[in-house]
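Participant: Protein chains in written order, with this note's numbering: chain F, 7 to 204; chain S, 132 to 384.
Hints listed in this document are in silico derivations from the structure and should not be mistaken for laboratory results.
A hint or two may mislead.
[Stated by the list, open to error] In silico lysine-lysine, DSBU-like type, Cα no more than 35 Å apart, as pairs:
1. Lys191(S) to Lys13(F)
2. Lys375(S) to Lys41(F)
3. Lys375(S) to Lys109(F)
4. Lys109(F) to Lys240(S)
5. Lys311(S) to Lys240(S)
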Amino acid sequence: MKVIVIKYNAGNIHSVVHALRRLGLEAQVTDDKEKIQTADKVIFPGVGEASSTMAYLKQHRLDELIVNLKQPVLGICIGLQLMCRHSQEGNVDCLGIFDTCVKRFEPQQAGIKIPQMGWNTIHNLQSPLFSPDMENRYVYYVHSYYAESCAQTIATTEYMHPYSAALHRDNFYALQFHPEKSSELGEQILSNFLNIER
Amino acid sequence: MLAKRIIPCLDVKDGQTVKGVHFVNFRQAGDPVELGEAYSKQGADELVYLDITASFEGRKTFTDLVRKVAARISIPFTVGGGIHELADIDRLLNAGADKVSINTAALLKPQLIDEIARNFGSQMCVVAIDAKLEEDGKWRCYINGGRKPLDRELLEWALEAQDRGAGEILFTSMSHDGVKTGYPNEALAMLADKLSIPVIASGGAGNMEHFRDAFVLGKADAALAASVFHFGEIKIPDLKAYLKKEGVIVREQ
Chain F
7 MKVIVIKYNA
17 GNIHSVVHAL
27 RRLGLEAQVT
37 DDKEKIQTAD
47 KVIFPGVGEA
57 SSTMAYLKQH
67 RLDELIVNLK
77 QPVLGICIGL
87 QLMCRHSQEG
97 NVDCLGIFDT
107 CVKRFEPQQA
117 GIKIPQMGWN
127 TIHNLQSPLF
137 SPDMENRYVY
147 YVHSYYAESC
157 AQTIATTEYM
167 HPYSAALHRD
177 NFYALQFHPE
187 KSSELGEQIL
197 SNFLNIER
Chain S
132 MLAKRIIPCL
142 DVKDGQTVKG
152 VHFVNFRQAG
162 DPVELGEAYS
172 KQGADELVYL
182 DITASFEGRK
192 TFTDLVRKVA
202 ARISIPFTVG
212 GGIHELADID
222 RLLNAGADKV
232 SINTAALLKP
242 QLIDEIARNF
252 GSQMCVVAID
262 AKLEEDGKWR
272 CYINGGRKPL
282 DRELLEWALE
292 AQDRGAGEIL
302 FTSMSHDGVK
312 TGYPNEALAM
322 LADKLSIPVI
332 ASGGAGNMEH
342 FRDAFVLGKA
352 DAALAASVFH
362 FGEIKIPDLK
372 AYLKKEGVIV
382 REQ
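One chain only, chain S, in its complex shape (with noise of 0.2 Å):
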């Protein structure tokens, strides 16, 4: 049986990982290629490494960052990140990443999506949307990290980007990020509904119970989490012993 996966994701600025608590402040959390393979080892079944330097500068530290990653660990991994074009996703590719992760860029620039499924395949590509439940019961995405909110409706959004091409959704909510109290169970169970392809949770895992949440009731194929993991507070052989308790299929190693 297919097992459901649990992501790991690193935020990275200027070499170093880092966690924000609703997109800002942020703490140190320690070196990505050594978490990274910390992950593996545990159990982890992929990785995410998000870049948060936007200059050209730190781009160039990320793709050396992204050929160490490549090097040393035996997972898949996914970046994303400062990505605009098709250039981005050809040097990510090719030092290494096995999917690119696309979010503001595909909002503003939808057809990237099938540009990226034509030249690299869909498997390649993740298309990773922020959105916020508005008081009008409507989930709303937003852009540049969560700052910008757009006129586009979750729902909507995600089949235009599955009918583009992507091969993943990776669903953040605004609402439960940092914020350790669940994922948000409903919008994912609608999500995982109406997509044909994979849905990964992310933003809001406070215990294991709400890992369990995002498979039983989210209906998510994959969950994704930062600091619960960073800061030891959930331990990934644990996490995945617990849900096997609970009837969930995850990988043992």
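Extracted from the complex, chain F is given alone in its bound form (with noise of 0.2 Å):
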């Protein structure tokens, strides 16, 4: 299996390369058009401002590309954020795949920190990505936006409000959260994605 992690201006992208080979997989990180449309499997994680990577990857053109892939797609965390419609960080309008819009975290009392950063849980999961028995399971998150909750959510979290931890829509998937950083539940997770046919 060909599994590619797109490679742009976003930081941290070899964590997911790292938790891949873990799994037995090596995949190959590349920006290359032809490598990523022939791929089984591809990966766009990262962490970043919205903004700037969403400027790079049109700069690239890589945003018509990654709209217009038939294949299984992860996206990860900034990666999540840039798939949704508009994103209040450096408010830009991102690639659209999933129909709803990204915000800042607002705290409301004193003591609610942002970013929000460490283990929260998992709540009313769908699609293929996850099993029953994950449900109220921990997972990684380091982030100061969110996608807020829609028909495409297939998982929530609550932190100070329910928000989308996981979208789907036709070959896109994406989490919000790392399942590179999330023990042995996120490496079940990844493996999912894996498993997902074409």
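From the two separate chains plus the hints, produce the assembled complex.
Facilitator: Structure, rendered in structure tokens:
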């Protein structure tokens, strides 16, 4: 199986490569359009700022490429946010794969920390990424912005209010949390993604 | 609900884990990769690796270690020690670290925090502060592994670090570190109330009640400890079961 990790100007894209390696899979990190288009699975990971990463994608015409992919695609963290319609971070229009907007967490009281950093639980799980025994279990998050819940939400987490922990439409999947840093549970979710048939 | 984090800290010298008592007199405590993996399996929420060797050779060994940890461990880990400039951070993040912790370099050159936040993002940047409660009742910041006092006060420096783009504050009380009498809960609560970024309590854990107090009284987001874990005095599953019983939200595997 050929797994491609899209190379762009976001940070920490290598941690997902390490996680795949722990699953016995050697992924290729590249921005080569043909390689991305012919891959069996495409992963769109990273941490970073929405408007600058979106500008980079446009400049390298990776935006059109991503929305037209037909194989299973998995966005992670900023990857999920860029796959939404719009982000408040830098007030930027994103790829529009998911019909929802990305907003900043606004603490209503003292003591609520931004970013949300650490382990939180996932609920209302749907799609082949998850199995019923994963309900209420912990995954690792680092983020200051979140995607609002919508019809394409396939998992929710609560931080001040519920939001999209994961999204799905057609061949596109996305996770706000970091499966590559979420211990055995995260590896199971990655493995479930790799097992999705085209 | 977001869980409170338990973070074992591994001090590494020449590729081996050591633990200092009051920052001197080191004792050996095992292979850092295996130890980290064991903690991860027991339910540690994150790991911190601190490079306490200063030499060029030692730093190279540490980078190799970071690479090995990244290849084996599936929870987040922070690395610190001997970081002076962006090139050091780039090297460690490329080797697979999730976050870097800076201490002396940040106090001597605060704009380093801005640079890290701008180049890699705030979430990568942990600012570690070693401070000591002085006789005048003020918390004074120290650099160079606790050897040199500076004319900076804990809260004032923590707020500046936050404004410059720190993602977390890791506060070690030198008055409490290594003596196992508990974390400095009043100072922690003061930091937690004034800061909008997470606070990691470090230094002083001797028993499970100390962890509870750091979370309940100190309002810390995470608690870091070393020797109580390394020498098996506290087992992480027991600690989490205890904290849960005490009403603290912790991650169960």
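Participant: Work down the list of hints and note, for each, if the structure agrees.
Facilitator: Structure-based check of all given hints:
Annotation: proposed proximity of Lys191(S) to Lys13(F) holds, straight-line Cα distance about 27 Å (limit 35 Å). Distance hint between Lys375(S) and Lys41(F) is unfulfilled; the C-alpha atoms sit about 48 Å from each other, more than 35 Å. For the hint linking Lys375(S) to Lys109(F), the alpha-carbon distance of about 32 Å falls within 35 Å, and the restraint holds. Using a Cα cut-off of 35 Å, the hinted pair Lys109(F) and Lys240(S) holds, with the two alpha carbons roughly 33 Å apart.
Between Lys311(S) and Lys240(S), the direct Cα distance comes to roughly 32 Å. Compliance with the 35 Å bound is thereby established for this hinted pair.
Checked against the numbered hints above, the structure violates only hint 2.
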